[in-house]
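Line order of the protein sequences matches chains A and B. Quick note on the numbering used here: the first sequence kicks off at 1 and runs consecutively. Quick note on the numbering used here: the second sequence kicks off at 1 and runs consecutively.
One or more of the hints may lead you astray.
Pair ranges (Cβ atoms, derived) [what the hints assert, rightly or not]:
#1 A/Gly118 - B/Asn45: 47 to 57 angstroms
#2 A/Thr69 - B/Thr139: 54 to 64 angstroms
#3 B/Ala200 - A/Gly118: 21 to 31 angstroms
#4 A/Ala131 - B/Phe181: 28 to 38 angstroms
#5 A/Asp47 - B/Thr139: 37 to 47 angstroms
#6 B/Ile332 - A/Val189: 50 to 60 angstroms
No wet-lab data here; the hints were simulated from the structure. Since the model is a prediction, treat every value here as computed from it, not as a measurement. The beta-carbon is built from N, C-alpha and C at its ideal position, and this holds for glycine as well.
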Amino acid sequence: MTSGLQSETEPLLLKAIGLRKDYGHVRALDSVDFDLRHHEIHAVIGDNGAGKSTLIKIIAGAVQPDRGTLEIDGREVTFSSPHDARAAGIETVYQDLALADPLDAAENVFLGRELCYGGLLGRLGFVDRRAMHATTAANLRDLGVNIPSLTVPVETFSGGQRQAVAVVRATVWGQRFLIMDEPVAALGVQQTTHVLDLMQRARDEKGLSVILISHNMPEVLRVADRVTVLRLGSRVGTIAAKDATPTLLVGAMTGALNMLGEAATS
Amino acid sequence: MTAFSAAGRWILTALMGRTRNLASLWIVGILLGMIVLFGILCPPNTFLSAPNFRSITIDTSEILLLAAGQTLVLIAAGIDLSVGSLVIFCAVISAEVLGALSPVRQGYPNVLLAVAVATAASLTAGAFWGFINGWATVTLKVPPFIVTLGVLWIALGLAQVISGGINVASVPPQLQDFFVFGGLLGIVPWPDVIAAVGVATLWIVLARTRFGLRTYALGANAESLRRAGVNVNRHTILIYTIMGLFCGIVGIMDVARFSTASLSAHQLDNLNAIAAVVIGGTSLFGGRGHMSGTVVGAFIPAVLRNGFVILGFQPFWQNVVVGIFLILAVYIDQVRRGGLPVWRRKRSGREGEQRA
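Just chain B, with the same shape it has in the complex:
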């Protein structure tokens, strides 16, 4: 029995690194409860079926990647509102590159090369904007809320300028065939594979590495990190750059999935990603959070939408429920920590006096 629990704890520790990285259990319970409830209520072989599971995971893959990056940003006490626009910008760049290197009127030549260059362009563009976000935050000392709000408009505007304000649709169809209908070993859809690898990487980085530890410290008390001799500005820029890089990944993924770079989709991605992270128990004030919670938080909207559609409800109820969960998640978190809500606590020289 003890050996069993010790082994269990070891596995948990190996996975999570630390208890602080564990999702709030109640939100895991909510997701599982939802799955069970829809499983019972929906007709057999609808909700609980492999194709449906496949569609839920593919639907969630992009927001999962954005939420994973946003987890890092929020733990570091930052925020990135620009992610949706960055996805649009990166998608437009990718689609333009694909259209230029593999033109439709020549019957889509050089598809592989075009895809490779488009992917590189998308990742580079994303990382570039992320760098700009981080750089402006630390050197201009403008709050990240404002910087990334500004970049939201700049990147969106430039995407519209580059595309002339219309969706870019000159994408080789082979890309979609491969990406959507193929999969790892022919089974696991590529969007799922990319999302899993991306999330797992950031999960491990956060839970097990020096970079992760410093990210928590940066969000909790930047001065502590500065006094410990760490280049806080560099760390901050790196975090936003990673976030941007993930937007670049989502940009090329989106083009591959839909064979077009849409200018109107993704505009709410920033808020969806932040909601997923916060529902998962990460604090908006920095220093606290866990990737496991983000994963759960990212799946909740997709599961709700999917279940409601199968049950014949209007899928818009999903928005209502997610909004309630968001408020509830933060409320429960505050109650669990006990005492004053985080936002009413003084940030410096805190409990020392009370406890002395």
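This is chain A alone, in the form it adopts within the complex:
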């Protein structure tokens, strides 16, 4: 698979230009550019209030920017709801995962997009559990995820396993790229490793790109291809992860550094 850094000849998967968002008198986002390449994990980091969540909410269609444009594969798009973004192949894994606890993994993966039988039964809305389980099992295998059972409620899973179910759901439906909001914030060391591996396999096996929101430096440097730093609603810069160090990134996040590496969109 091509690494994110070598794909500069391809059109950008996502290009955001001059995004601005005001909440009353507070400018949450100010002329922010952002782009995402094919097969790339692009981390977005920043302190609280840096504008990370506003940025991803705009890309996920949950918030509409006051100014600026979004382009997908070189074509301008307007998302007026998360539904539009999902239809464009963008899936978001929020921090709270949005799993329905009493349902099993397959039912969660297919929630809202259930597989039904053909014919009359299907028309009446009868769900084909066997097919949903088979597809879910195949996707879990592809991504190297182990869960105790496909037929027990996800509430019996550990935090990491629940995260894995949410990520697998996103990879099943996300045709273009995933947005992951603090995916390992609540996890222990070992489960963090699992989820980061999972993210890399989504890139390498499924050819997906990932926007990773995080403020965990080691995690970011381990999996990301590029890192964008936001501070007080503006973009400080974007840098290849291999050129970054925790000191550099922290400096950019806190304002000790005003510039950072290459200009991302050039």
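Starting from the structure of chain A, add chain B where the hints point.
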């Protein structure tokens, strides 16, 4: 042996869809134990006899339908307190229609047409009130407890206004003859048939369909359903409308059974239905429950009352026992799930932290 258990599991799965839809076994045991105990204690051919079984099932048919609808509502993390009033309202409407189309002073003409129109009116009125319950819940964002409590008074008041505050009794007697003394193939009483079809329909919907899955998800985590692109408001309105429709079914049934629309009966139906559902293991907090449990929970009061009467006890002991079962059912459920009672658990961002 393995083939046998596999076949058994297949049958169970086909029936229940999922293990989560199975009644808590202990409550099934309680009902069976009660039946065995009354069977032994009561004189021969009283409790365990076909006519008695017939009377228990007919007695239970209405509450069974209301409890079946309430199961959907509770699994979706809602509640419907208005069901008793809706039954009264629908019964009054049915009786008024029957009286108007088939007047007593003309010797009850056009009975079939009158019954057809009355049935349609009852179902429509029920569905309408159910829709109002759901609509007010999602658009006014008033909790369903309050909305349905309000509708309880509104529907009851309107039923009293329409009937002038007295029971409506101008019902063609042919209806009662047919409904109470007839039956499917002449054997199975019509109330039982209607209850069985109604309960089975909702059972299958809940256990086997997309609508059922989404109902569980709605009760467990409405946000998960919303993010999955499902119109949560529409789903909620639909659930309350189904509940209302079932009240309409019970409304016309009640008129057919008693040949009158009573304004005083049914006032406790809401609490009886909720008790049956909760005894059956459905959580008041949504997301968990099963129709099989509701069926068992609905039969327990009727069996108790019937057994106590035959044994010569005051039937009011039934209330005492049902109350105990209700508390016990929720307690046992909590213990079985382990750890904290549901109502002390945080609803969002829950065990993730503890387990990480």
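Hint check results:
1. A/Gly118 - B/Asn45: 47 to 57 angstroms: holds (52 angstroms)
2. A/Thr69 - B/Thr139: 54 to 64 angstroms: violated (34 angstroms)
3. B/Ala200 - A/Gly118: 21 to 31 angstroms: holds (24 angstroms)
4. A/Ala131 - B/Phe181: 28 to 38 angstroms: violated (49 angstroms)
5. A/Asp47 - B/Thr139: 37 to 47 angstroms: Since A/Asp47 and B/Thr139 have Cβ atoms about 39 angstroms apart, the given range 37 to 47 angstroms holds.
6. B/Ile332 - A/Val189: 50 to 60 angstroms: violated (38 angstroms)
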